[in-house]
Each structure stands twice: as C-alpha cells, then as structure tokens.
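Novice: Each chain sits in its own coordinate frame; assemble them with the hints.
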Amino acid sequence: MKQEIVRDERLGEEYLRVEHPSGLTMLLYPMKGFSTSFAMFSTKYGSTDTCFKTAEDEDFVSVPAGVAHYLEHKMFESEDGDAFERYAKTGASANAFTSFDKTSYLFAGSDQFRQSIEILLDFVTDPYFTPETVEKEQGIISQEIRMYDDDPGWRVMFNLLESLYQNNSVKIDIAGTTESIAKIDAPLLYRCYHTFYNLNNMLLTVAGNFEPSEVLEAADRILKKAEPFSVERKTVPEPLDVVRKRVVQHLPVATPMFYIGFKGPDHGERDNFCNMILDEMILDLVTGETTELYKGLYEDGLISGGIAGETMTGRDYLCSMISGESKDPDQVYERICAAFDRAKQDGIDKEEFARVKKSTYGRYLGLFSKPESIASAMTNCYFAGVDVYELVELVANCTQEQLEERLREDFDSERSSLSIVMA
Amino acid sequence: MSYPLVRERIADGVYFSSITDRKFKHNRMSVNLVVKLDREKVTDRAVVPFILRQGSKNWSDFTALNKKLCELYGASLDAGIDKLGEYQIIALGVIGVDSRFALEQEDMVRECAALLADILLEPDITNGKFNEKNTELEKQYLLETIDSEINDKRSYAMMRCKDIMCGDESCSIKKYGYREDALRITPQSAAQAYRELMRTVQIEIMFEGCGDPQPACEIFREQFSKIERQPETLVRCVPKQQHGPIRETVERMDVKQGKLVMGFRVEGMNSYEQMNAERLAVALFGGTGNSLLFKNVREKLSLCYYCAARYDRHTGIMMVDSGVEAENAEKARDEILHQLRLMQQGEFEEKDIEETKLFFKTALKATTDSLGAMDSWYLAQILGESRVSPDEEIELSNRVSREDMIAAANAIKLDTVYMLMPNEEQEKEGE
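From first to last, the protein sequence lines are chains A and B. Note that the numbering used here has the first sequence beginning at 2, numbered continuously upward. Note that the numbering used here has the second sequence beginning at 21, numbered continuously upward.
Bound conformation, chain B alone (with noise of 0.2 Å):
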C-alpha cells in the first residue's frame, strides 16, 4: 500500500509535506513550529501566533486583512496552540475553497499560501519590538485562556488529573503557559521568542485539498531562501513507567455533578504494531458506544452519564474520567477498575473485538473524508516518525488478535485518581 503523502525539505529543517484529493472543494493549508515543551519558554511562544494573526508588515491593519480574508470567499486564517506529547505545535492554517469555485477567477492556492507566507515571515517587528498595541492586547488573552481553563469542568478535571499524575514531566506542561510568565511579556520578549523559533525549530508546512500543492510550496521554499536557520533536532520523549503508590486527591468546588478521572500508565510500548494493539484494546475498554465502560458503568449500573477512555500514544497514558454523582464516585471508580481487571484476565468476547475493528475502521476512513482530520493524522505520523496512512492502520489493526488485545490491557497501570467534587455544604443543601 503506498503511503500518500509527500514530503519535501524546502530549506534547513524546514518541510512541506502534501496530499490531493480531488473530491473536495477546499484547500488547507497550516505551518506548524514545532518544539520541544520548555516551562521557562512555553509563554512567551504561546502568544506568538496570535500577535501574527493580528497582522504583518504589509497587513498592518487587522480590518483590512480580514477584508482581504472576506474577498478570498471568506478563507478563515487561524492561529493556534497544540500540544502532542512532550511537544509545543505552534499554529498558523488558512482554509479556502478552490479556485474552482472562486466567481472571479482568483488563483486561490497561490492567494492563500502567499497571505500564510507573508503572515508568517513578514512581522511586524520594528526595532526589535513587536507592535506594541497588539502585543499587549494578546498578552491579555494569553492571560484570560491561562485562566479559562475552569471554564470547562470537565477537561479541567482532566488537566488536573495530569497535573498531579506527571507533576514534573514535560508533558505536563501547559502548551498555553503561565500565568506569572504571561505577565511579563513584552514586544522585545515576544519578538525575541518569534526570532528564535524561526531560525531553531523543525517547521512542518502541511498542505491538504483538491488544488495543485506546487505553487504553495514554491511560495514557501522561496520565503524561506531569505531566512538565516540553525535548526536544532527534536529529541523524541519516552513514556515513564508507574512506581510508588497510587495517588488518591479530592478537591472541591462550586459544581452540581461530580467529576472522576483516573489516569494510568500504559507500559512496554516498543513498537507500532503493539501502539496499535494498546489503541484497539483502550477502545474495547471505553472508547465505543458499546465499549465494557459504557455497557456497564453507564448502561447497566447508571452511575453516570459519560464514562470513557483515551490513549494517548505520544505520552503512554489513558485517563479514564467520568460525570457521577459524589455518592455514587466511589462505585464507579471500583468498577472501572473491575471491568479493566476482568479485560486483563481475558473475559471479553470474540465479537468485542471484532466491533471495536469495525468501529475502529469507521474512524480511520471517516479521516481520510476531512482535511482537518488529515491535517492532524499526517503530523501525528511525521512527528511520531512512522510513515501509516489511514488505510493501512486498518490493516494493521485486522491482525491483532485476541493474545495481543490481552497483552495491551495487561500493559495498563494505574497511576493517579482525582475527583473533582461539589462543596461539602452544597451536597448537603441538595440532600
């Protein structure tokens, strides 16, 4: 089976990866810094993007470049911050529709990628400073997204889970940054931090749609001719291992429902092949609207309205996190583990395994349908440094067996449980 993407190196360090389809009517296109999650520089990174995105030497004016934006059939251009195990993505992607469907002829490849080139590379940097209105008013995002993670009491739980479970680990920390750091940010740090993410970091250019990639990489391999680079090489993380005892934490807060995540270590991972077992395995487990979780913790007990399970391959650790009532917490956190201990000793069925492949397949072509959903399967793929399509994941995943599906629950160790609970007066008022 042929692997569809190409990738070239269009300067020091610098890749332009693509892959056409012609069924759809879009073209996307995002530019991905990527590098290695350090506490001292996470912050002043983190704002980066977005002071770009407000505008460059030529784009000046925020108005004018998204009535620029409006013109090209309303492209959306987007900063962002990623996180993929011990990594920092840094973000920049513009959408499109092709030129096909442009009423005026636009060449909408080489408009788009030439406004991404120039939004990247053409800052508006004066003096070593950044604009200062912008940065200062990013600066106060950057603050209120530090700050809005208690916003969503659900993947907070999560991130606190993670906190206390990789406390000193570098995936645990946080891709936006802190607080403290963010207060500090000026023009010169942040202009500093763009300089020397362009000349060090490993740049991924991704390119995904129904148009011709060619003159976007043109574009891109010239922009970058002008650019001085000493890329340094990322250095791949290795998943910890589970020692000492289980961590056990209870906070509270003004919440109704309950939270309770428990996060593991899944240990031995030492190939693709096994990576996938342990994906297969963790589905069966809770990540199907039929997987043991939800058959018995939500279905069969009615303990909660949410309970699932997540794998994450770059940092070798599943969290189980879950919606319940305080009283019925503790319940659900013994059956959790119970219907992972019955996993390990084998007690599933033969069609478990068969409806977690076919589930399983669903996904992965449901991936080849979205550009997005491409955008970050490729990625995952050159930075995990393994080279499957889709398409083939599925073949690999037809071959694991039931020993292995085993094996991979076997490979799972708890580490850390953390509920997130309402204050003790309110549960009271509600009795």
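Isolated chain A (complex conformation) (with noise of 0.2 Å):
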C-alpha cells in the first residue's frame, strides 16, 4: 500500500493520500477540535456518461438518460434491508448525488465512524436488486422529476444548457424524463454498475474528527482487488457555436429569472478544472459588485436581488453562467455582453486585479474550514487530476496576461446565450 503526507505551508495543515491495494483512491483529512466527520465514496460517473465502450463491447453502447442518477436510488437497497437502516444505527446522517460526472455517497457522522466507514465501503461495492425493486422505484423518481419540472431555478438553468450545446449531454437532465427512466430495467442497472463502480475509477475522501487507521482497517476488510478499469466514453465533438441566443418559458414566478451563459472551448479535463478558477475571478472583474456594471444595474433598478456568476466545467465542455432575476432580462444580457467587450478592449486594471486576487484567495481558504468542503473539494479536485492545495496556489500565482487570455477565448459575445423564465 502506497502511503504519501502532502503538506501544504501556506495553511500549515496536511493530509494523507493512500493508494490502496483494491485499486481505491483514499484522500484522509483528519481536523483537530472538529466533533463530526464527513465521508464521501464517489465514482467518476455521472448523468453525461450515456454512451461508453468496455474492453468487451465491438462498439460503443449508448443508454437512456438518467441510469446513473436511478443507480444511485437503488443502491441503498440490500438483501438485508436498506443502507440508511444501517447507518441509523450509527446516527450518521447519509445522502448521496448524481451529478454531470460523478456519483457520491455520503455521510456525516458524530460517534460509530468506524461502523459507519464499513457501512459506506460495503453498500456501494455490493449492489442488490431485483426487477420488482426496480420497478418501484419508477414512482419516487417520477415525482423527483415533476418536483424539478416545477422548480423555475432549475429549469431557467436547464434551457441555457439546452441553448448552449448541439450534442454534449450536459444539456440533459440529470435524472432523465419520466419517457427515458421507463426503459431502464434491473440488467442495464448492473450492466452499468459493473461498468463504472469500479474502485480505479472512485475516490473515498474524508475530512474531520477520525482516525486514518480506522479507514484503512475498514477497506483491507471490505474492498476486494478491482480488474483494471478500461472504459472509453464517447465524447462527440461540440460546435463552438450555440443553438440559440434566446429561449423562454413561462412558469409561475414573480419576477422573470435568468441565466447567461458563454460557452468556451474544451481544453481537456485537468485545463478546464484550471481555467474555471481563473473564468471566475473573471466573472468577479467583469460583473461582480465593484464594477461599473454592476452599479449601473442595480441604479438603473435591473437587478435588485444582485447576480452571481460561477463557471461549470466537465471532461468535455466549460461554460460560464451569470444569474438572477430582472423586470428586463434582455437588457441585463446586452449590458453583460457590452461589459466583456469592453474589457477585452481597455484590458483587466492592475488595482483591480489585485483586489479580486485577494478576495478570491479568502474565498478558497472557506473551503478548509468545514469537513463537508473539504471531503467534496478534494473530491471534486481529485477527479480533474488537480491537488486540492493547488487551488489556493493557482489563484496567488496566476497572473493578469492568463487572466486576459481567458477573457478572449472563454468571453465571447457571439458564443453566448439568454434563458428567461417568466410568468
């Protein structure tokens, strides 16, 4: 077993990083004077991954939307009764989620880590389902899907990806449709289990009050040596272009809700993690609440409530998001546009960029402070085959010429789009 300390001086904290003998990542982060402990078992699949090819298949193999998502439901059941049957025992309180490109099952826990460490590592290494199982798990699903359907933040977001990519399956919704989650049965459920639940494609990370040693003896006892992962995923290409400027959709809401987004170009997995951090103190310089833009805005009464910007990035695709609510959402969007080309034009000012350094690296020591932040950022890091220490690092070093590259290539006017929801 490959054991390695990474230390990092800056925050004079370390943690441990074990390559274990099944072929598991374990990322450990014990926090002295913290009572919890948060645990988090994921593995690098999620909603895009729709069409895969393994070592057996001739040829790629695509599957409905939303398997991974109804993996994740099912996987809390066992022969013996479900997962949080277990981990009540314990007093852990356990969640999971799917998202774009992984799926994590989590715990947070006071006493009984070790119990709920084993519970954790068994449930998701031993699936169990039956095809009456399955099929009943069509109605909570079903009603998780009309839950979101009437959630006018999450379909305001949705339609921008659907209007900012041809192909990528970021635009489609995680869980699926009522349509696509009907033709999910119990044999692709285990074909696509097998497939992705394999321990060199996961990670285990855990930040807070335990004892490496605990995890350790937990997985010599639980996990089993893993095959050798080789799956290919079918990336198709994306067109720069987007599909459509505008959409709307009229739902029961006050004030109309939107979302901008530009869309930049796909740099590989380990660039488009970096280039997030560096697209977001962009977002800050450009539209953040010390800009002109910003003033104007909220002056001029267009965005009462504030925007927030964040970049979303994946294996394939990088797209920056502006959201928020306006009387006037086609106004806010072509000051939004205006305001990136006009930086573009004059170049980022040096006073400026210096302050949002500053801002952004507080921002980035909050993700150290709680055992949740660190277990997801370590996770989330891990994945883009960055070190979780490296983000801090990226945003002291970075400078105003990498700033203004991205500026050009991930801010373009021309790759954008509006979404509305309104009444």
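Treat the hints as calculated values from the structure; they're not laboratory data. Predicted, not measured: the structure shown is a model, and the values here were computed from it. Some hints could be false.
Taking lysine-lysine pairs in the DSSO-like style, the calculated list, with each CA pair at most 30 Å apart, reads [to be verified]:
1) A:K172 / B:K276
2) B:K246 / B:K88
3) B:K351 / A:K137
4) A:K33 / B:K377
Specialist: Shown next as structure tokens:
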C-alpha cells in the first residue's frame, strides 16, 4: 500500500493520500478540534456518461438518460434492509447525489465512525436489486423529476444548457425524463454498475474527526481487488456555436429569472478545471459588485437582488453562467455582453486584479474550514487531476496575462445565450 | 457542563455574546435587532437592513464599500430578515478570515467589527431621510421579494398552510411585510423605522470564531455609548391550542406536482425537557431518513418523493409536508395520520428511539462545527430564555424515555390541511 503525506505550508495543514491495493485512492484529512466527520465515496460516473465502450464491447453502447441517477437511488438497497436503516444504528446522516460527471455517497457522523465507514464501503461495493424493486423506484423518481419540472431555478439553468450545447450530454437533465427512465430495468443497472463502479474509477475522501487507521482497516476488510478499468467514454464533437441565442419558458414566478451563458472551448479535463478558477475571477472582475456594470444595473433597478456568476466544467465542456432576477433580462444581457467586449478592449485594471486575487484567496481559504467542504473539494479536484492545495496556489500565482487570455477565449458574446423563465 | 457562550450587557438593552474556538479559520459577527412582529410596522422595518447594506455616511458609495470588502479577503457583509416565533429579527452580519491568514498582517477582527458598526450606526441619513435612490431601489427589491414567495412551491405551500392555520396570530405575520405597505415606503418612513429600532429594540450582537472577541466588543460598546436608548422589554409568545373543527383547503395553480401540507398544534409544553422530548418525537415521526413517515409514506407506499415533519418550539407548531401526485394526496394524508396514531399508541420500537437519539446527537455535534449554525443556536437560546449548549441538549435527549415520547406524540393535534394541486384542465391532459 502506497501512502503519502501531502502538506501545505501556507495553511500549515496536511492530509494523507493512500493508494489501496484494491485499486481505490483514498484522501484522508483529519481536522483537530472538530466533532463530526464527513466521508464521501464517489465514482467517476455521472449523467453525461450515456455512451461508452468496455474492453468486451465491440462498439459504443448508448443507454437512456438518467441511468446514473437511477442507480444511485437503488444502491441504498440490499438483501437485508437498506443502507439508511444501517446508518440509523450509527447516528450518521447519509445521502447521495448524482452530478454530470460523478455519483457520490456520503455521510456525516459524530460517534461510531468505524461502523459508518464500513457501511459506506460495503453498500456501495455490493449492489442488490430485483426487477420488482427497480420498477417500484420509478414512482419515486418520477415524483422527483416532476418536482424539478416545477422548480423555476432549475428549469432556467437547463434551458440555458440546451441553448449552449448542440451535442454534449451536459444539456440533458441529470434525472432523465419520465419517458427515458421507463426504459431502465435491472439488467441495465447491473451492467452500468459493473462498468463504472470499479475501484480504479472511484475515490474515497474523509475529513474531520476520525483516525486514518480506522479507514484503512475497514478498506482492508471490505474491498476486493478490482479489475483494471478500461472504459472509453464517447465524446461527440461539439461545435463552438450555440444552438439559439434566447429561450423563454413560462412558469408561475414573480419577477423574470434569467441565466446568461458563455460557452468556452474545451481544453481537456484538467485544463478546463484550472480555467474555471481563472474564469470565476474574470466573472468577479467584469460582473462583480465592485464593477461599474454592477453599479449601473443596480442603480437602474435591473438587478435588485444582485447577480451570481459561476463557471461549470467537466471532461469536455466549460461554460460560465450569470444568473439573477430582473424585470428586463434582455437589457441585462445586452449590458453584460457589452461589458465583456469593453474589458477585452481595455484590458484588466491592475488594482482591480490585485483586489480580486485577494478576495478569491479568501474564498478558497473558506473551503478548508469545514469537513464537508474539504471532502467535496478534494473529490472535485482529484477527478479533474488537480491536488486540492493547488487551488490556493493557482489563485496566488495567477497573472494578469493569463486572465486576459481566458477573457478572450471564454467570454465571446457571439457564443453566448440568454434563458428566461417568466410568468 | 459549562455553558460556553459569554454574554455581557454593553449598553441599555444591547448585549454582546461570544464564543471562541481555535479550530476555525474565520470570525463571524452579527447584529440582531429583535422585535415583536407588528403588522403595522413590519414592512418599514424589513427594508431597513437592505438600505443600510448599500452604504453608510463614511461608505456612501456602494462600489467603494464592496472594494473594501474585497480587500478584507472577500469578507462578506450580509443583510437579512429572520423570523423566530413571534419575533422579527433584523440582521446585519460579517464573516471574514482570521488575522492569522491575512497576507499583510491586517487586524481582521477590528477591521470587520469597525465596518459592521459603521454600517449599522452611521447610516446615510440627511434631514431625517435615507438616501433617496437607495431607498427606492431597496423598496423595489422588497416588493420583488414579497412577490417571489410563489417561486418555490414547497415553501409557498407551507406558508399558505400556516396563513390559514394562524390567521390572526402574530406568528403568521410575514417577515418581509406586505405589498400594500411596501408601496408606501419613503426615505422618511424608513429612516423613522430605523431610528425607532435603534432607540427601542433589544439588540443582540453575536461573535463566533477563532479570534479574540474583545476588540470587537469594545468597538460596539464605544459606538453604542453615543446612542440614546429607551429599550422596550420583549414579551415571549405563548403557543396557541387547537380549537374548533379541522380546516381543509385546496388551492390550484399551474404546477405539475401537488403539495400536501398538514399543520398540527403541539400542546402543553411547559418545560425545556418536555420540548426536548417533543423534538425527538417529531424526528422519529418524520425528521430523519429513517423516520416513520419516510419508511412508510415514501419507501413502503411510494406515495411521494419527500414527506417530512418539522417542529417549531417557538410557535408550538408541527408541520408535515409532502410532494404528491394529485390522485395520491388523500391516500398520503390518511397514511400520515395513521402513522401518527400508531405512534401515539406506542407502536414504535426501542431501536427507533435509540436511532433517533443518535441522529439527534450527530445533528447537534454538527452545530458546534459550523459558525453559522452556532450563531442560530445561541441566538435561539437567548431569545427562548434558556441556556442549553448543544452538548447539554444531547445529555437531555439521552434521558428521554419511551413514555416521554408517547406523551409527546399525544400532544400533537391536527389543525389544518392544505393542498396545492395542479389546475383541473392540466390534470385531465396528464391522464
């Protein structure tokens, strides 16, 4: 077993990285003084992995939208009761979620950490479902899909992704549709499970109040050596152009909600992730609360509740989104595009750059203050091929020239779109 | 067990409370103006923190203020309105990294406290009027906030149920106020509301973090010494009892999923111990991923995606809410009541009790690992006139017996059933 201590001088902290003989990588971050622990067991398998090929397959196989999420629901079941019941005996609060590129199972606990980590490692590596139990879950998942159909905040974002992407499956709702999930059955779930729930394609992160030896002992007991992981995920070429510039959906909301998106070029997983950090600094520099743009929008009563910017990346996509509520989303969109165009012409102001660097540093420091946020950050970074401490360094060392390059590449008004949800 | 919160009076009706723990990397400070919900004044009061957040006399330019926050390593300055039982809480807060992590040796506690005190106590008021433009913009924002209550259908349905249930009680007064009153907000009326708040209400300043709270305490003490105060005593609310027939209401809207909300009164909670047992009982009933409602209504009968129970000790109300298909709503309602009856008859296992206590313990321990959760916990202790730390609450919970839980379940009485259902044409289309 390979073990390595990863240190950061700036924070004065360290964590343990373990390559377990089973093939699983574990990142263990004990935190002094904390009462709770947080563990996250993830597979690099999400809603966008709908077309893939294993060593045994002759050609790529396509599966219906929503399989990863369906599988997440069914994993909690086992022959002798479900995982929630098992966790109930340790007092841990358990949950799971599926995102575009991963599925994570997690718990937050205080006592009986050893038992909780055993349950986590055990149920995720031991699938059990029958045609009957799979069919029964359709009702619950349909309810979940309907709940999101009524959620204007969710709809306005997915309508934007549908506008930005022609082929990339990031535009498809994570849970799928009531039609697509009707095609999912037990054999399909088993097939996808055995393809992606391979320990070489998985990660365990733990942070907070625990002893690393407890995790290692549980792993030794429960995990069996996995086969080499050789799955090819199909990447459909994605043109740089967006599908449409504007989309409107009518739902009962008070003030129109908007999402504005800028589609950036794909540079591969790791670079997309690093570019995300830089792009979020650009969002602050161009649309943040210290900008003339923001002041203008606010003073003209166009964004009374403020606006939020975020960049989203994955294996083969990167886009930046600005969202908020406004009585005139078209006007906001126009001004935001103009602000990016102006920033490209004028370049980035030196003082502003220094300020944003400082506030971004403070924000990333915040990631290291809670077990939950450390475990999540380690997971996100690892799957992108980045070490969690690199985040702070990336911000501390970034240059104005780097940001200017990103500004030119990732914020092109021609490759942007506006999504509106209004009554 | 010692109570870790240190609370001292720093001016008439103004208290500074602090709790320090070196494990954190940040400090959090909040100023909470606590006042009984008042139908006439609630709206004017609700706009005040948002106008203050736009800038003070010394930081009259919003952009300059935000640049200052950026320089303080992205410290966040937030305004908000909360509601606790019958109280409206007007809050301003700041969270910043500790000086240990400042790259240029800034004194972060002092800087953040001074900024917060300035925003609160040096408002941009001239000749008895708030800055006109800021008032107009924040008035619009308040109107939008009031109107946007329909956006989230889950919370909207809960709110409608509570409206119907508590009609004329002050706990049903809306924390952001009312549209017709918001339309009447002027720079004078808001400034008057601010002045009255600063003169008369109880003010609770909270500090949680890893830094030394003393410099912050001194800054607030000095600033408040310049203010003339005539604080009014807060009167604690008494929860109402269920009376009269059960109210049932169905409303329709353009939604795909229906919502079922049931409001219950919890009666006869005379001590903190009883209240604690009630919390456990409600968690066992519908507050955990292994509760009776989750196991039966969702898992066994697949009637819904969520079905949860929540108990608010400050109002003595328990709410059960669920997202259901229209055709399953009656079935879900009957099953929820059936589960409650079973619990009242003691039809639950010893292991359910033990597991709920463990679940509770984890949630309480998690409180001590989060600055925000500690802020809410201790403010609720102060306003509920109790002095129980999360660790002591765990001790109390461990002493709760099966009989206590049954008694707690029997204190729950159904009052109101509310359903938000898809429009009838839509239902037909879906068939």
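Novice: Take the hints in turn and mark each one as holding or not.
Specialist: Outcome of the hint check:
Proximity of K172 of chain A to K276 of chain B is assessed by CA-CA distance (about 22 Å); at most 30 Å being required, the pair is judged to hold. At most 30 Å may separate the alpha-carbon atoms for a hinted pair to count; K246 of chain B and K88 of chain B meet this at roughly 25 Å. For the proposed pair K351 of chain B and K137 of chain A, the alpha carbon gap of about 17 Å is at most 30 Å, so the pair holds. With a CA separation close to 25 Å, the supplied pair K33 of chain A and K377 of chain B stays within the 30 Å bound.
In summary, this structure violates none of the numbered hints.
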